[in-house]
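Participant: What follows is each chain in one-letter form.
There are 2 protein chains.
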Amino acid sequence: MNEFDLIQRLVPHLATNAGVVSGAGDDCAVLKPVEPGMYLLFKTDAVVEGVHFTPDTAPEAIGHKALGRCLSDVAAMAGLPLYAVVTLGLPPNFEVPRVEQIYTGLNRLARQHTVAVVGGETVASPERIFLSIALIGKVEMDKCVHRSGAKPGDALFVTGRLGGSLAGRHLDFEPRVTEARWLVEHFPPHAMIDLSDGLAGDLKHLLRASGVGAELLASAIPISRAARQRAKEPSGKTALAAALTDGEDFELLFTLNGAEAVPLLDRWKQRFPDTHLSCIGKITQIPGLRLRTKEGVRTLAENGYVHFA
Amino acid sequence: MNEFDLIQRLVPHLATNAGVVSGAGDDCAVLKPVEPGMYLLFKTDAVVEGVHFTPDTAPEAIGHKALGRCLSDVAAMAGLPLYAVVTLGLPPNFEVPRVEQIYTGLNRLARQHTVAVVGGETVASPERIFLSIALIGKVEMDKCVHRSGAKPGDALFVTGRLGGSLAGRHLDFEPRVTEARWLVEHFPPHAMIDLSDGLAGDLKHLLRASGVGAELLASAIPISRAARQRAKEPSGKTALAAALTDGEDFELLFTLNGAEAVPLLDRWKQRFPDTHLSCIGKITQIPGLRLRTKEGVRTLAENGYVHFA
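Residue numbers (my numbering), protein chains in the order written: chain X, 1 to 309; chain P, 1001 to 1309.
Note that these hints are calculated values from the structure, not bench results.
Glycine residues also receive a C-beta, built at the ideal position from the N, C-alpha and C atoms.
Any given hint could be a false lead.
[Unchecked claim] Think about it this way: if two alpha-carbon atoms lie no more than 20 Å apart in a straight line, the pair counts; the simulated PhoX-like pairs of lysine-lysine are:
#1 P:K1151 to P:K1204
#2 X:K151 to X:K282
#3 X:K282 to X:K294
#4 P:K1282 to P:K1151
#5 X:K143 to P:K1032
#6 P:K1282 to P:K1204
#7 X:K32 to P:K1143
#8 P:K1282 to P:K1294
#9 P:K1032 to X:K32
[Stated by the list, open to error] To give an idea of the interface, some chain X residues facing chain P are shown, with a C-beta separation under 10 Å as derived from the structure:
#10 C28
#11 V30
#12 E35
#13 L41
#14 A46
#15 T57
#16 A61
#17 M77
#18 P126
#19 R128
#20 G137
Modelling step: build the complete structure from the supplied sequences, incorporating the hints.
Facilitator: Structure representation (structure tokens):
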């Protein structure tokens, strides 16, 4: 099956929405503009076989993960995702059902978020599959949340439970689009980022962009079951180290006025009873990232990795 | 040098424009919306080492080609390109200067077209470099040109000279953005497509989308010097076959009212004295693609390849 036949087979099943004037099948997709008062959001990301997934990964999960990563980035700006395009690198003699299943996973997640998949290319990639996604979103000009708005005294929150994502969650995570939209309506964050490199690393991006520091409370950091499991293995990281440094959590990390912390936790519990939300520390004027434990306060190393005794 | 250091080095040099609210460095780029009455255009494309360029290709040319392919697609809709994001797949131990030069070529072409490069990712790609670009453009709602508008009786035009692109032009072609914008202002095409798969193949896409056929005049097809050179080689295609079937010309193929053919050719010569424009045939009600030569009219095979005696 050549590229054209494959595309003919995939195009009728692509997720669509009311903004699409014409999708795949012309030189470009043609799309309705966003409403007045909205910014465009634009993001690209890619997953590579052997790096972000393995030859054994369920193909639906590959499509889910590739799109989910971009959705998570749009969520981190408090935006709504709209349109995606896909570049799929395929080795020779690729299996057509596998490619169709990659698209099944991608389309399913797209439909959940009313995202239209409006085009794509397949290219030869001799050794391994890669899947590059670009996503357009929108956000109200006065609601866009950057990394750079954190203020001393802000409370620091994180959704979900962290660490050990590679045990499985990195393939089936739910990007926090709905949660971010609810936040921006009810408790507008000062700064927000999604966790892809690990809590310590991504928090440092946020702190650097905001020109502030932070103190984390070790006992408040929500640790995933997978991270606890792995900590029992002889060579495993401690569970706290995993929660601080494992990548691909795809949770939201955000800051807001300390005074709003308790009302937020209350309201969140009612609105999202199945999704954990934790206040894990505070923003400080003193730069750098510190961790408060029973033993005292220690500085986290610049690379985000900390070796716990 | 790790990914973060590399990005720190590249970001200050990225092409920008007045539409950028915030570019690389946050979870998404934030961009001003397009003016009322405009559609968004959206396109992605990728180039892969060993497929679209070789390890010996000048790195600036890799960046130029990757972006140029997307610009050519925006041109084919008569649009203006605005914002690009980049995903760069890099083998371990990549050479930093080579990556910087890829971006130099990309930024140079972006600046020529006032395109902002607003973000990107680098990912591990163990065996070979790949470069995936996604591009947002805009076009007036009443000026957008699709593949599907060709009408029987239309004259068929192509810019430039065709064939033999792999001898070098595929790496330094100039996407026909300015020409397409001029066309849509002065001689609005009924249908347009850019030539990436070869004249015969891309014309068939246009014919299929429009539900029409075409007759090409063999003697009118503009043949590049590279195609003529290669035809002299013992194993070479004939020059006409090369012009019909070689890929990566990145010229514009379009149709308009037959009555406008002569005025267009006149005005074009004044406006673009250095760029060839050829009327190469006409659109017909009878489906299929035919070639008129001295010996008569023959049908071109479905795969676009024709073996000339």
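Participant: If a hint holds in the structure, say so; if it doesn't, say that too.
Facilitator: Outcome of the hint check:
1. The straight-line distance between the Cα atoms of P:K1151 and P:K1204 is roughly 14 Å, inside the 20 Å bound, and the hint therefore holds.
2. Straight-line distance between C-alpha atoms of X:K151 and X:K282 comes to about 9 Å, which keeps the hinted pair within the 20 Å bound.
3. Restraint check for X:K282 and X:K294: satisfied, since their Cα atoms lie roughly 17 Å apart, inside the 20 Å limit.
4. With a C-alpha separation of about 9 Å, the suggested pairing of P:K1282 with P:K1151 holds against the 20 Å cut-off.
5. With a CA separation close to 14 Å, the supplied pair X:K143 and P:K1032 stays within the 20 Å bound.
6. A distance of roughly 13 Å separates the Cα atoms of P:K1282 and P:K1204; the hinted pair therefore holds under the 20 Å criterion.
7. For a cut-off of 20 Å, the pair hint linking X:K32 to P:K1143 stands: about 14 Å separates their Cα positions.
8. Among the hinted pairs, P:K1282 with P:K1294 is consistent with the structure: their alpha-carbon atoms are about 17 Å apart, no more than 20 Å.
9. Distance hint between P:K1032 and X:K32 is fulfilled; the C-alpha atoms sit about 15 Å from each other, no more than 20 Å.
10. With a least beta-carbon distance of about 4 Å to chain P, the hint placing X:C28 at the interface is held under the 10 Å criterion.
11. Look at X:V30: its Cβ gets to within about 5 Å of chain P, closer than 10 Å, so that hint holds up.
12. Given the 10 Å rule on beta carbons, the hint for X:E35 holds: about 8 Å separates it from the nearest Cβ of chain P.
13. Residue-level restraint check for X:L41 holds (minimum Cβ-Cβ distance to chain P is 4 Å; threshold 10 Å).
14. A cut of 10 Å between beta carbons decides the hint on X:A46: the least distance to chain P is about 4 Å, and the hint holds.
15. At a threshold of 10 Å, the smallest CB-CB gap from X:T57 to chain P is about 16 Å, leaving the interface hint violated.
16. At about 18 Å, the closest approach between the beta carbon of X:A61 and any beta carbon in chain P exceeds 10 Å, and the interface hint on this residue is violated.
17. A least Cβ separation of about 5 Å between X:M77 and chain P falls short of the 10 Å threshold, and the interface hint therefore holds.
18. The restraint placing X:P126 at the interface with chain P holds, with a minimum CB-CB distance near 7 Å, inside the 10 Å limit.
19. Checking X:R128 against chain P: minimum C-beta separation of about 7 Å stays under 10 Å; hint holds.
20. Satisfaction of the interface hint for X:G137 is found here, the shortest Cβ-Cβ separation to chain P being roughly 7 Å, below the 10 Å cut-off.
When the structure is compared with the earlier hints, violations turn up for hints 15, 16 and for no others.
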